[in-house]
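With chain U held as given, fit chain W onto it using these hints.
There are 2 protein chains.
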Amino acid sequence: MEQILLIGGNDSGMPFRKLPYGGYPLISCNPDHLPENLHEMAKICDVAIVCADQRMGRVIADEIWHLLRRKIVISTTPNFDLSMLRDLYPLSKVCRCDLVLDGDVDRCLAVVSFGDSFSESDVASMKRIFSSIGEMLIINEPLFQEVRAVVSKGLSSITELLKRISPDDFQEYLLGWIMYCLGQMILKGNPIEGGKSPQGGTGGLAQREPPATDPKSRDDQK
Amino acid sequence: MEQILLIGGNDSGMPFRKLPYGGYPLISCNPDHLPENLHEMAKICDVAIVCADQRMGRVIADEIWHLLRRKIVISTTPNFDLSMLRDLYPLSKVCRCDLVLDGDVDRCLAVVSFGDSFSESDVASMKRIFSSIGEMLIINEPLFQEVRAVVSKGLSSITELLKRISPDDFQEYLLGWIMYCLGQMILKGNPIEGGKSPQGGTGGLAQREPPATDPKSRDDQK
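Protein chains in written order, with the UniProt record's numbering: chain U, 1 to 222; chain W, 1 to 222.
Next comes chain U alone, as it looks inside the complex:
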């Protein structure tokens, strides 16, 4: 297993903290308080994951770019696109990554893109790494914007909805389960609108009303 250096994981990049559960040796540090031995850490790692804001993203690159020759560098810094990452880490194989969602979750989606410099075995490494924290979806650069827009809109809509419902703790707990389960169902390709389940509606407790109409099949979907 590759030795991984995680710069972040506290405020951002939290899902990467699960890497040791996937068997990865992990060394990590806070992007806002870089340790004195950062150079040592960069030297011994095989893969560097940098979860920092734009300012610190640049500082970190300046510090360690020359120590990451031929290594994979995964960056979650917003708006650092591939070409910028190539500039910042000219000796490395760079990967741009957005996490849906970046938070205290057991599994998340990693939306990634990377350049031609990735060999097949590099891609296999990436798959192994990301399967330890969830799922990896390779997209083209222009799609990042759409992903970001959808996530931003989805999050704000759900937050608003919760504010409207203004649940107490028990209700929020139930709503947590509802979202968790609905999310699972969608990811398994089950449409959630209309009813798909037993007495007519999705979800055992829901009161089961108007049936289902012509759920979109998503079998062919990735």
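Keep in mind that the hints were calculated from the coordinates and are not lab data. One or more hints might be untrue.
One copy or two, it doesn't matter: identical chains are merged, so the pair holds either way.
[What the hints assert, rightly or not] Capping the alpha-carbon separation at 35 Å, the derived lysine-lysine pairs in DSBU-like fashion look like this:
(1) LYS43 / LYS18
(2) LYS18 / LYS127
(3) LYS153 / LYS188
(4) LYS163 / LYS127
(5) LYS43 / LYS127
All of these numbers come straight from a predicted model, not from anything done at the bench.
Same frame as chain U, now just chain W:
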């Protein structure tokens, strides 16, 4: 491990289909097409789980109640409360259960109540069974109504929200991840409103403000 008879699991009670992954020997049948050997199945089981609508719930009880002496009977039939279940299965230890959500999910919440007839070891059995499909939450009978109301409202709100957004397949997939992750965060006790994560908001992709472009060029290093 108890031998479990699952009457249901197709249209309703789907999460119970995971019981074999928890090591449970499972025999199952469709509540709407009861098999000829239903009596045999009832005789050999240790625990019976009945996921049926009210009409079939009564039919099934009439068929097998006398074969379930001292056995645990778990019922997910809506509106069958404990006292009704005691009437239907006078020889058994009855448990009322609502699933949040009842669908094709890997883990769900089982909200349950059961009477005094449950010994400590019965409760331990229940815990083991429900931990194979998710989490068990014991509540008092009157709370079922609130649970049902919250779930119903939560589901319809989210369904409406999705209709408003009217996502295409890719967007729906992203929204699935968002809900799945938000649900996880809530269940771990993280509030989702306001921002808790890195650059200011829950979720890696969410609102990061406009870039500060102008990366230093480092072409000279290539």
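Hints, verified against the model:
1. LYS43 / LYS18: Classified as within; 22 Å inside a copy, 46 Å across copies.
2. LYS18 / LYS127: both (15 Å within a copy, 27 Å between copies)
3. LYS153 / LYS188: Both: 22 Å inside a chain and 23 Å across chains, each within 35 Å.
4. LYS163 / LYS127: between (37 Å within a copy, 33 Å between copies)
5. LYS43 / LYS127: within (23 Å within a copy, 49 Å between copies)
Consistency note: the structure conflicts with none of the earlier hints.
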